[in-house]
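S.K.: Given next are the chains, with one letter for each unit.
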Amino acid sequence: MSRDPSIVPDRHPVLEVRDVSLGFGGVRALTGVSFSVAKGELFSIIGPNGAGKTSMLNCISGRYRPSSGQILLDGSDVTGLSPNRRATLGLGRTFQNLALFGHMSVQDNIMVGRHHLLKNNALTGALYWLGARREELAHRRVVEEIIDFLEIAPIRKAQAGTLSYGLRKRVELARAMAVSPKVILLDEPMAGMNLEEKEDMARFIVDLNEEWGMTVVMIEHDMGVVMDISHRVMVLEFGCKIALGLPEEVMANDRVKVAYLGIDEDEQVA
Amino acid sequence: MISSLLLQLILNGLIVGALYGVVAMCFVLIYKSTQVVNFAQGEFLLIGAWTCWWLVTSLELPFPAAFLLTFLFMMVFGIVLQMVVLRPLIGEPVISVIMVTIGLSIFFQAVVKAIFGAWAQPFPEVFPVKSVDVFGLPVQPAYLMSLVVSVVIMVAFAWFFKYSRMGLAMRATAFDQQVAQSLGISVKGVFALAWAISAMVSALAGVVVGMVNGVSSALSFFGIKVFPAVIVGGLDSIVGAIVGGLIIGLLENLAEYADSQFLHLGNLYSVAPFYVLVIILMIKPYGLFGTKRIERV
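Protein chains in written order, with UniProt numbering: chain D, 1 to 270; chain G, 1 to 297.
One thing to keep in mind: the hints can contain errors.
Using C-beta positions, here's what the derived DEER-type ranges look like [what the hints assert, rightly or not]:
#1 D:Asp-19 to G:Leu-68: 50 to 58 Å
#2 G:Ala-120 to D:Asp-77: 53 to 61 Å
#3 G:Gly-266 to D:Ser-82: 50 to 58 Å
#4 G:Pro-138 to D:Asn-97: 58 to 66 Å
#5 D:Ser-67 to G:Tyr-163: 40 to 48 Å
#6 D:Leu-117 to G:Leu-59: 42 to 50 Å
Hint data in this document are derived by calculation from the structure and do not stem from the laboratory. Beta carbons are placed, not taken as given, at the ideal position from N, Cα and C, and that holds for glycine.
Sequences and hints are given; from them, build the entire structure.
M.R.: This is the structure we're talking about:
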């Protein structure tokens, strides 16, 4: 399911990372990484284990604060903001290891994603029948759309912890979508999936990007999927950006071949 | 033939047990959402009851006004306590946090004694003292009222966690703080709210007990009784806290019955809950309703 290269996303950058460095004690996890993601783009970050992909994602989501550099979301600087503030400003994410609320139903899991958009508080909540109810219904509708889109309607009442791995990953995506983000960060959405589940997930990500117009930033190990569905790809190695471009450009890049695909330089020359 | 004494004690057990359940619920609320084992839970009852007592006797406010003010005061008290004392301790070892709450407990007891003295003070009469008949047993109206209050609080808790936005946020935070944050939930806000609710509801229980037994430092003993209740029920289960509270309340009174009628050991009622605590922990280390942590990757 290769993509039509003529689809050029709107060039307005919705996420900008400017010269971000991150150190833990003496270890440099990221060194001067810059990139920007345009509205409506599907952008992937790849690299060998320990290259700093997840560190990068955590800097964007606000879990880590970069030692230097700036992160801009939709033009405004969010570098110093907490993860929850960033979420309310329009940043959704999924996690590499499953992080669903296991004891809650699928529906409630997704409703938590609406949290920052719900206006009722303890007081108006007590006056449930005077307005909070109408509000909840509006949110339920959004949740229903997401449920339909991800084809999880049959399991909406199920306890999240009892579902299969692939389904739980899908519910996690649904929850991140419920935040109504401007950018959605996917941390290895296909890790640990079988082929069929991977294909399903890839289809959902492409549809999310094309039909919903969602800007997606994804970290993924499966090179085939990344090259198939991404608009642009960035490659990290030892915390440095070594390539950024269209999938085919990145595939053809010598440094990428050396770093990521494990072909050594002598072989190239020969 | 069941004697009327036994019936009376069972009824007492249910009433006291429901109150234990309420306080245990408050304890679980703090533990669940902030991972703090709060040894100063009993002092919330103490401070709440004394505050209300002072407003009623010294300022001569009508009881409903005094009660509302107490509620507001405890809300602020809970939030300030969380922000000033416990927030800096986030990420510190569990044992440090426990030591701090034990310290708080001693500190508050001493402060309250310094201000209000060491003697029990009777609450001005709010409800008539004359007993009413329940299934042929004489029961004080204040006791009945306390049972009603307990049940109302429990229903309100259940409703809050199931349907309200903040309730959902609190459950999410209890499960995984990092994920909750990624969904736009302010973890700091949830922590403050947990302490505020816990302090308010505990104070409510304190006022109720104070009305029945008088206001004294004995109220903080409730905080200790709550331990068997929550551990029987499971540290992280709200339902467990209620069931645990009822079990401990009944058990105390049954122990009292057995003691006074047959064994004559004296004071068995205050020790019995802890025997049961030990036995339950041997059989079910996570309590009756507690969740066993299972890692799935």
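S.K.: Against the earlier hints, flag every one the structure doesn't satisfy and list their numbers going up.
M.R.: none
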